[in-house]
Amino acid sequence: MSADGDNRLSGPLADPAVEAGYPPEHPERVGFFTDTSVCIGCKACEVACKEWNLLPEDGLELSGMSYDNTQDLGATTWRHVAFVEQRIDTTTRETVDIGMPDMTRPGDSSTAAVDPTEDAATQIRWLMSSDVCKHCTHAACLDVCPTGALIRTEYGTVMVQDDVCNGCGYCVPACPYGVIDTRPDTGGASKCTMCQDRLGAGETPACAAACPTESIQYGPLDELRDRAAQRVDELHEQGVTEARLYGHEPTDGVGGDGAFFLLLDEPEVYGLPPDPVVTTRDLPSMWKHAAGAALTAAVTIAACFVGGKR
Amino acid sequence: MSRPDDSAERSAEAGNDFRSYYGQPIIKEPTWKVPDVPAYLYLGGLAGASSSMAVLAELTGRTHLNRTGRVAAAVGSTASVVALIHDLGRPARFLNMLRVFKPTSPLSVGSWIIAPFSSLTAAAAASEITGRLPLIGRLTSISASVLAPAMTTYTAVLLSDTAVPGWHEVYRELPFVFAGSAVSSAGAVGMLATPRGEAAPARRMALAGSALELAASHRMEQRAGVIGEVYREGRSGKVVRAAKVLTCVGAGAALLARRSRVAAIGAGLCLTAASAATRYGIFEAGRVSARDPKYTVVPQRERLANEGAASG
Numbered sequence: 001m002s003a004d005g006d007n008r009l010s011g012p013l014a015d016p017a018v019e020a021g022y023p024p025e026h027p028e029r030v031g032f033f034t035d036t037s038v039c040i041g042c043k044a045c046e047v048a049c050k051e052w053n054l055l056p057e058d059g060l061e062l063s064g065m066s067y068d069n070t071q072d073l074g075a076t077t078w079r080h081v082a083f084v085e086q087r088i089d090t091t092t093r094e095t096v097d098i099g100m101p102d103m104t105r106p107g108d109s110s111t112a113a114v115d116p117t118e119d120a121a122t123q124i125r126w127l128m129s130s131d132v133c134k135h136c137t138h139a140a141c142l143d144v145c146p147t148g149a150l151i152r153t154e155y156g157t158v159m160v161q162d163d164v165c166n167g168c169g170y171c172v173p174a175c176p177y178g179v180i181d182t183r184p185d186t187g188g189a190s191k192c193t194m195c196q197d198r199l200g201a202g203e204t205p206a207c208a209a210a211c212p213t214e215s216i217q218y219g220p221l222d223e224l225r226d227r228a229a230q231r232v233d234e235l236h237e238q239g240v241t242e243a244r245l246y247g248h249e250p251t252d253g254v255g256g257d258g259a260f261f262l263l264l265d266e267p268e269v270y271g272l273p274p275d276p277v278v279t280t281r282d283l284p285s286m287w288k289h290a291a292g293a294a295l296t297a298a299v300t301i302a303a304c305f306v307g308g309k310r
Numbered sequence: 001m002s003r004p005d006d007s008a009e010r011s012a013e014a015g016n017d018f019r020s021y022y023g024q025p026i027i028k029e030p031t032w033k034v035p036d037v038p039a040y041l042y043l044g045g046l047a048g049a050s051s052s053m054a055v056l057a058e059l060t061g062r063t064h065l066n067r068t069g070r071v072a073a074a075v076g077s078t079a080s081v082v083a084l085i086h087d088l089g090r091p092a093r094f095l096n097m098l099r100v101f102k103p104t105s106p107l108s109v110g111s112w113i114i115a116p117f118s119s120l121t122a123a124a125a126a127s128e129i130t131g132r133l134p135l136i137g138r139l140t141s142i143s144a145s146v147l148a149p150a151m152t153t154y155t156a157v158l159l160s161d162t163a164v165p166g167w168h169e170v171y172r173e174l175p176f177v178f179a180g181s182a183v184s185s186a187g188a189v190g191m192l193a194t195p196r197g198e199a200a201p202a203r204r205m206a207l208a209g210s211a212l213e214l215a216a217s218h219r220m221e222q223r224a225g226v227i228g229e230v231y232r233e234g235r236s237g238k239v240v241r242a243a244k245v246l247t248c249v250g251a252g253a254a255l256l257a258r259r260s261r262v263a264a265i266g267a268g269l270c271l272t273a274a275s276a277a278t279r280y281g282i283f284e285a286g287r288v289s290a291r292d293p294k295y296t297v298v299p300q301r302e303r304l305a306n307e308g309a310a311s312g
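Taken in sequence, the protein lines are chains V and A.
Here the working numbering is used: position 172 in the first sequence is 172, and no number is missing along the way.
Here the working numbering is used: position 58 in the second sequence is 58, and no number is missing along the way.
Watch out, some of these pointers could steer you wrong.
[Said to hold, decoys possible] Computed from the model, here is a short list of chain V residues facing chain A with C-beta under 7 Å:
no., residue
1, 67
2, 126
3, 174
4, 185
5, 188
6, 243
7, 271
8, 275
[Said to hold, decoys possible] Label-pair distances were calculated between CB atoms; the ranges are:
no., chain 1, residue 1, chain 2, residue 2, range
9, A, 82, V, 284, 29 to 35 Å
10, A, 248, V, 161, 47 to 53 Å
11, A, 98, V, 86, 36 to 42 Å
[Said to hold, decoys possible] One side of the interface only, derived from the structure: several residues of chain A facing chain V at Cβ under 10 Å:
no., residue
12, 27
13, 29
14, 96
15, 158
16, 238
17, 262
FYI, nobody ran anything at the bench for these hints, they're computed from the structure.
The beta carbon of each residue, even a glycine, is placed where N, CA and C say it ideally should be.
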C-alpha cells in the first residue's frame, strides 16, 4: 500500500504502479510530453504507430476537417493528428519573415507585399497536435473494466490484455477523453499501449521515435514535467502567451496524465475536455444513492403487502 | 465545415457559448446495442422487484402472486443475462465477467449480483412450476430476495459510472428512477398474471412505483442543468415523455383494476411498456449527450469558472 492509500479513486497519487501492486523497485513511470508548438502535422507518428502495432487502416475518407482525415482516436488509431486552421488578427500579431519567395520582381521594392487586411494565407495560423491515450493516473477505463483485462503496467501505463477482454464495452463511455474503443474485427477493446513491447527492450515508443521535430517526447514522467515547465516559460518569454500545459497537474480530475500536452489554445479547440474527471471519483456516492434507492424499493414493496387481502 | 475559422466556431445560442473541434464529440458514444442493453436494464429491474413480491406473497398466503413473482424473477433475470451476453463483443468469453471481483467496476459487482440471483430464482421457479422440493424452492426464493433490492438499482450505477454527461451528472436521482420503474413493472406483471382477488399488492406496487418513478424523473431533469435538454428534446425526449404518459395512463387504469379485468390488463400492459420506455429513453438520452460536445464542454467550463470564482 502506498503512502497515498487514501487516493485510490481520485486525487494525487505519487506512484500508480505501486498502488496497483508492483514492488517499489518497479521501473520509473514513463509518459509522453507532446509539445504541439513544434508539431508540423506530418503524421509520421500515426504511420509509425500503425506499422509497429499492426493496426489496419480505417478507410480513406475525406472529412472536410482541414488535413485531418483521421478524425479521432479509436480502436485502430492510437495517434491522431488534429489540424486547426485559425484566422488571426495580423494587426495585433507580429509576423516573422521566413524568407519565402513572393510574386514581385527581384529588385522591386517590397511595397507590393500582401495587404494584411486581405483574406490571405498569412492570416491563418495552424494548430497541429498529435493526440494519444493519456495513460491517466486514475484511469476510468481500468477502474470500470469488469474482467481485469485493462491493467496498470510496471511502467505506470494502462494497457488492454487482449486475451482477457470479452468486449463488454464498458471502458468506451467511461473514458473522459474518448480514447478507447472496441474493434469491429475482433470485438475487443483496444488502445495505445505506449508500445509496451518496445519499452521492455529499452526502446522508445514508435511514435516518439518517428517524430522529426521532437514534438512527441518520451521519458520518465517527472523529467518530462520539468522539461514542459521550462518550455512553457520559454514560450511565454518569446511572447507566445497563449501557450499552456494540459494534463500535467497531479491535482487535476484524473490525478494527472501520463501523456500530457503543451497547447496554444483552449483544450476543447483540439477536441480535448477542458476539465476531465475520472468518473469513479463519485463511485462511493453513487453506491450510497443506489443503496438508498434499493432500500426505498424494498420498503415500498413491503408496504404494498400491508393491509387488506384484496 | 471546411472554412478555416469553423474549427473555432462558437455556438451563438444564449448560454451555450462553447468551442469544439469541428463539432466532433469529445467522448465516445457507448457501443452498447439496442435492444440488448435497454432490455438488460428493464428485465433486471423487473426480476428484482418480482423476487421481493414473490417472497412477500408467499408469506401472506397469496399462492398465485407468489408463482407470478417467482416466474417473472427467473425469466427476467435469465433473459437479462442473455441480453448482456448477446451484447458482448466476444460472447464466448462471457464467463470472464466472473474472472475477478472488482469493487470499482459496477459491471463486475452487477455480474456477481445477477449470477447468483438468476440461479436462485431459476431454482425457485422450477420448484414452483413442478411442485417438487418445495422447501428448496422456498429457501432459494428467500435467498434470492436478499439480492433483489440490489437488482433494482445496480444498473443505474452501471450507467452513471461513465463519462456520459446525461448519465453521470444525474447519478443521485437515477437509482430512484430505476427503483420506481422496477417496482411498477413488477406490479404490472403481477396484475397481468394473477387473479384480481390476490393482486391487491401488485396494484399498490404499480401505483407506488409509478409515483416514485415520476417524482424521481422530475427531480432528475430539474437538477441536470443544461444536460436536462437530452431528457426533454429530440427523439430521446419523445421516448421519455411517452414513458411518462404511459406511466400516468397505466397508473390511472390500475386504480380501476380492482373491479375490472380489462382495466387490470390495460394497466399491466401500459406500465410494462412505460418501464421499458423509461430505460430506453434514458439510454438514448445518454447517447445523445455523448454525441454532442456541448454537454461535455459547457458543464466542465461552468465548473472551472465556479472553481476560479471560489478560489479568488
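Each hint, compared with the structure:
no.: 1; hint: 67; verdict: violated, 11 Å
no.: 2; hint: 126; verdict: violated, 10 Å
no.: 3; hint: 174; verdict: holds, 5 Å
no.: 4; hint: 185; verdict: violated, 10 Å
no.: 5; hint: 188; verdict: holds, 6 Å
no.: 6; hint: 243; verdict: violated, 17 Å
no.: 7; hint: 271; verdict: holds, 3 Å
no.: 8; hint: 275; verdict: holds, 4 Å
no.: 9; hint: A:82 - V:284: 29 to 35 Å; verdict: holds, 31 Å
no.: 10; hint: A:248 - V:161: 47 to 53 Å; verdict: holds, 49 Å
no.: 11; hint: A:98 - V:86: 36 to 42 Å; verdict: violated, 51 Å
no.: 12; hint: 27; verdict: holds, 4 Å
no.: 13; hint: 29; verdict: holds, 7 Å
no.: 14; hint: 96; verdict: holds, 4 Å
no.: 15; hint: 158; verdict: holds, 8 Å
no.: 16; hint: 238; verdict: violated, 22 Å
no.: 17; hint: 262; verdict: violated, 18 Å
Of the numbered hints listed earlier, those contradicted by the structure are 1, 2, 4, 6, 11, 16 and 17.
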